[in-house]
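Quick note on numbering: the sequence shown equals residues 1015 to 1266 in the working numbering.
By construction, these hints were calculated from the structure, which means they are not laboratory data. A couple of the hints might just be wrong.
What the hints assert, rightly or not - Computed Cβ-Cβ distance ranges for the label pairs, DEER-style: (1) Phe1120 <-> Asp1240: 42 to 48 Å; (2) Val1254 <-> Leu1155: 23 to 29 Å; (3) Pro1181 <-> Val1137: 19 to 25 Å.
For glycine and all other residues, C-beta sits at the position ideal for the given N, C-alpha and C.
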Amino acid sequence: MDMLTPFAWGLALTIALFAGVVKGSVGFALPLIMISGLSSFLDPKLALAGILVSVLATNGWQVTRQGYAPARAAAILHWRYLVIVMVAIFLAAQLVTAIPSQVFYFILGVPVVGLSLLQLSGVVLHIPAHRRVAAEWGIGLISGLLGGLAGTWGPTTVLYLLAIDTPKARQMVVQGVIYGAGAIVLVLAHLRSGILNGETIWFSAALLPAALIGMAVGFRLQDRMDQALFKKVTLVVLVVAGVNLIRKGLMG
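Given only the sequences and the hints, what does the whole structure look like? Please build it.
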């Protein structure tokens, strides 16, 4: 970390700022943007460590922005998803130093792009009420595994929330709760795995102010969107994020 040039520091802070803007606007994608941007010029393990403090703090802000009552209600409503995501993140994170993440990027990217493009073309994906319990367990497991191995569990979570017709305000709270709980586990897991240590934590903390400034800007943009525009912007972000995941899966 001491070897980073001023240019590398500037680039890292710019990436964190942009990731914060997107996070504030649609409620997710900060880990995706930061990990893909940072790993393009940093060691992948340092890049993964670099996102952790920002992921934890921005999700904490997101989940408390509308008060604790909506957050508590969201946690109760989606407790199954929360439980399986946290367990899967912790277990999968222990394998991050042993398993190449490229295959997981590719496996995640293809369905994210495909499903998002389908919805942008007018096809409505809907999970009926009687299938939601099974969907929470199944999609939560997939999200947690990808979160532990690749540092991101946002795209599959967002697709699930869109498929159950979650209103914008509630979706922001639910995403914050799910990502916040997962972020706590992810940080603890990578303290155990060694990715986050006495040296890398300072790099991670240094990126936080830029991410928070970006998020404040993003919140202002999000407040001006109606439900239809919010969904469309969310799907566009998912497509871009998915394409980047596929790129990382193919090229490393």
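Outcome of the hint check:
1. Phe1120 <-> Asp1240: 42 to 48 Å: violated, 35 Å
2. Val1254 <-> Leu1155: 23 to 29 Å: holds, 25 Å
3. Pro1181 <-> Val1137: 19 to 25 Å: This hint holds: roughly 20 Å between Cβ atoms.
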